[in-house]
Amino acid sequence: MKIGFFPGCSLEGSSREYNESLHAIAPLLGVELTEVPDWNCCGASAAHSLNHKLALALPARSLALAEKSGLDELLVPCSACYSRLAITRHELLENDALRSEITKIIELPFTGRTKVLSVLDVFGRCASNGLKDKVRTPFGQKVACYYGCYLTRPEKITTCARPEDPREMDDIVKVVGAEPINWAFKVECCGAGFSVSRLDTVAELSGRIVHDAAARGAQAIVVACPMCHTNLDLRRDSIERTRQQKYALPVLYISQVIGLALGLGERQLGLHRHHVPVRLGSVAPANSVAPANSRCPTPVAADVPAALGSAGASPSPGGSPAQEKEA
Amino acid sequence: MSATAHASGHSDTLPGRLREATGESVFNCYQCGKCTAGCPLAAEMDYAPNQIVRLLQLGLPELEEEALRALSIWLCLTCETCAARCPQEVDLPRIMEYLRQQSLARGVVHPKAKDILAFHEAFLATIKRGGRLHEVGLISSYKLKTGHFFQDVLLAPKLFFRGKLKPLPHAIPGQADVARIFDRTDRAPDAPLPHGRGSEGQGNHT
Numbered sequence: 011m012k013i014g015f016f017p018g019c020s021l022e023g024s025s026r027e028y029n030e031s032l033h034a035i036a037p038l039l040g041v042e043l044t045e046v047p048d049w050n051c052c053g054a055s056a057a058h059s060l061n062h063k064l065a066l067a068l069p070a071r072s073l074a075l076a077e078k079s080g081l082d083e084l085l086v087p088c089s090a091c092y093s094r095l096a097i098t099r100h101e102l103l104e105n106d107a108l109r110s111e112i113t114k115i116i117e118l119p120f121t122g123r124t125k126v127l128s129v130l131d132v133f134g135r136c137a138s139n140g141l142k143d144k145v146r147t148p149f150g151q152k153v154a155c156y157y158g159c160y161l162t163r164p165e166k167i168t169t170c171a172r173p174e175d176p177r178e179m180d181d182i183v184k185v186v187g188a189e190p191i192n193w194a195f196k197v198e199c200c201g202a203g204f205s206v207s208r209l210d211t212v213a214e215l216s217g218r219i220v221h222d223a224a225a226r227g228a229q230a231i232v233v234a235c236p237m238c239h240t241n242l243d244l245r246r247d248s249i250e251r252t253r254q255q256k257y258a259l260p261v262l263y264i265s266q267v268i269g270l271a272l273g274l275g276e277r278q279l280g281l282h283r284h285h286v287p288v289r290l291g292s293v294a295p296a297n298s299v300a301p302a303n304s305r306c307p308t309p310v311a312a313d314v315p316a317a318l319g320s321a322g323a324s325p326s327p328g329g330s331p332a333q334e335k336e337a
Numbered sequence: 637m638s639a640t641a642h643a644s645g646h647s648d649t650l651p652g653r654l655r656e657a658t659g660e661s662v663f664n665c666y667q668c669g670k671c672t673a674g675c676p677l678a679a680e681m682d683y684a685p686n687q688i689v690r691l692l693q694l695g696l697p698e699l700e701e702e703a704l705r706a707l708s709i710w711l712c713l714t715c716e717t718c719a720a721r722c723p724q725e726v727d728l729p730r731i732m733e734y735l736r737q738q739s740l741a742r743g744v745v746h747p748k749a750k751d752i753l754a755f756h757e758a759f760l761a762t763i764k765r766g767g768r769l770h771e772v773g774l775i776s777s778y779k780l781k782t783g784h785f786f787q788d789v790l791l792a793p794k795l796f797f798r799g800k801l802k803p804l805p806h807a808i809p810g811q812a813d814v815a816r817i818f819d820r821t822d823r824a825p826d827a828p829l830p831h832g833r834g835s836e837g838q839g840n841h842t
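Read top to bottom, the protein sequences are chains W and C. Quick note: the first sequence uses this note's numbering, first residue 11, plus one each step. Quick note: the second sequence uses this note's numbering, first residue 637, plus one each step.
Be aware that a few hints might be false.
Claimed, not checked - Listed next, the in silico DSSO-like pairs over lysine-lysine satisfying Cα-Cα at most 27 Å (straight line):
#1 Lys114/W x Lys764/C
#2 Lys256/W x Lys764/C
#3 Lys12/W x Lys114/W
#4 Lys764/C x Lys78/W
#5 Lys184/W x Lys144/W
#6 Lys670/C x Lys166/W
#7 Lys794/C x Lys781/C
#8 Lys794/C x Lys779/C
#9 Lys764/C x Lys781/C
#10 Lys166/W x Lys12/W
#11 Lys144/W x Lys256/W
#12 Lys125/W x Lys152/W
The set of hints was computed from the structure by calculation and includes no laboratory data.
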């Protein structure tokens, strides 16, 4: 399967392990990735916060360059970039006047022939096309599949069948031997673009996500977005400070989960670049935490022995410091 | 203003200009509050999402001004939860985006939104300079703009040793093309877009 590739800025910097793991597994999956030459930043939340036309023109340039390279499909692994590119394509195809205005701005023709795909679109195809036979070491862990915002919403763009309870990632990780859990925060927002400008907000929102995953016995969180990864992994210390609780739960990109199952090494997949150590071989029974947040809708039995591995400082199984603090 | 002119979003009113620019009508909202119930940021907002819409529905200029001065419009993360759940299919993130741009153009940005605005501006400045994001450049200029010099100083070495920081920026070959996109769109950030449902070409393009 030949497919265009738009890495996005994060994959060149703070989430380079996502890029490394995607390129490590692509050949094993029979996927040939062709990077769009001279692609530019999609503008992210900054552009569409301040200037709507800029927010369309920046992705339009990259889409036009993908077309120029003859690419029919474009894999956009960062879900924020995916959203910006897919929304731009949709808006320009819907509105002739807007399309002609934007093509004048970018000075490139745009027909919309290049379709924008998320990693779930591409891995979904692989999953129903022989991925199972390539698995050498089944992943074998309980995982919380975290979709965040942009893989499911807006529905008219993502065409996600169940935007409130998506299953696409769950189905993919099942094929490589993981056991996806049911949990409440699959599509809740992590705080996304406030990672720098409102760290307290991010710690609060991402903290609820990590907490629910841990409380329900997940051994890892699986993500498909560099911003989600940053907020759940790199911002773990702020989360732990806010919630006054330790969480040893690692956060893996879906490409890393597939790569491990295909038998690739941890370094090839960039696992050593994470902030929260990934020790899957030695992951003890699931992290035990009591429900500390009144907004956590499901009561969780705290009957699993507290086992936070080397992260230590486990909460007492019956009650939680955060709960006491709130009370 | 007559009641009819108000309800249809007369072009002299903020809801009227919103409709021209985006095709979104605040009068589709019947105030069920579902947007606020699902909003991850509602608890931190000065006006809840449904209240922002309410401020625009009432047809009073001082309330429209209040919406533009609200912190809420800057706290919206565009997570799209409200839009996904709205029974009336109101695209509230798009409305928030329009209000932010108006707020900025009118110079009435809420003082507590200054860090958020500084981040967005620093972000766009690095894209204009290089075509792609340079994270070190972004953080440096954000710190200069806000004075938060010590935020995350302990994180930087960790990132560096994990090979995640590129100290020096490099511009893409098409950097000049990207900068030109900025110049061309900068001229009229709040001008109405050509939109199927709105009236075209009536905006102020200066």
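A quick look at each hint next to the structure:
Between lysine 114/W and lysine 764/C, the direct Cα distance comes to roughly 18 Å. Compliance with the 27 Å bound is thereby established for this hinted pair. A distance of roughly 40 Å separates the Cα atoms of lysine 256/W and lysine 764/C; the hinted pair therefore is violated under the 27 Å criterion. Taking the CA atoms of lysine 12/W and lysine 114/W, the gap is near 30 Å; set against the 27 Å cutoff, the hint is violated. Taking the CA atoms of lysine 764/C and lysine 78/W, the gap is about 23 Å. The hint holds against a cut of 27 Å.
The hinted pair formed by lysine 184/W and lysine 144/W meets the criterion: a straight-line CA distance of about 14 Å does not exceed 27 Å. Of the pairs offered as hints, the one joining lysine 670/C and lysine 166/W holds, with about 19 Å between alpha carbons and a cut-off of 27 Å not exceeded. Between the alpha carbons of lysine 794/C and lysine 781/C the distance comes to roughly 24 Å, so the proposed pair stays at or under 27 Å and holds. Of the pairs offered as hints, the one joining lysine 794/C and lysine 779/C holds, with about 19 Å between alpha carbons and a cut-off of 27 Å not exceeded.
Among the hinted pairs, lysine 764/C with lysine 781/C is consistent with the structure: their alpha-carbon atoms are about 17 Å apart, no more than 27 Å. Taking the CA atoms of lysine 166/W and lysine 12/W, the gap is near 26 Å; set against the 27 Å cutoff, the hint holds. With a C-alpha separation of about 36 Å, the suggested pairing of lysine 144/W with lysine 256/W is violated against the 27 Å cut-off. Restraint check for lysine 125/W and lysine 152/W: the C-alpha separation of about 33 Å exceeds 27 Å, so the hint is violated.
Of the numbered hints listed earlier, those contradicted by the structure are 2, 3, 11 and 12.
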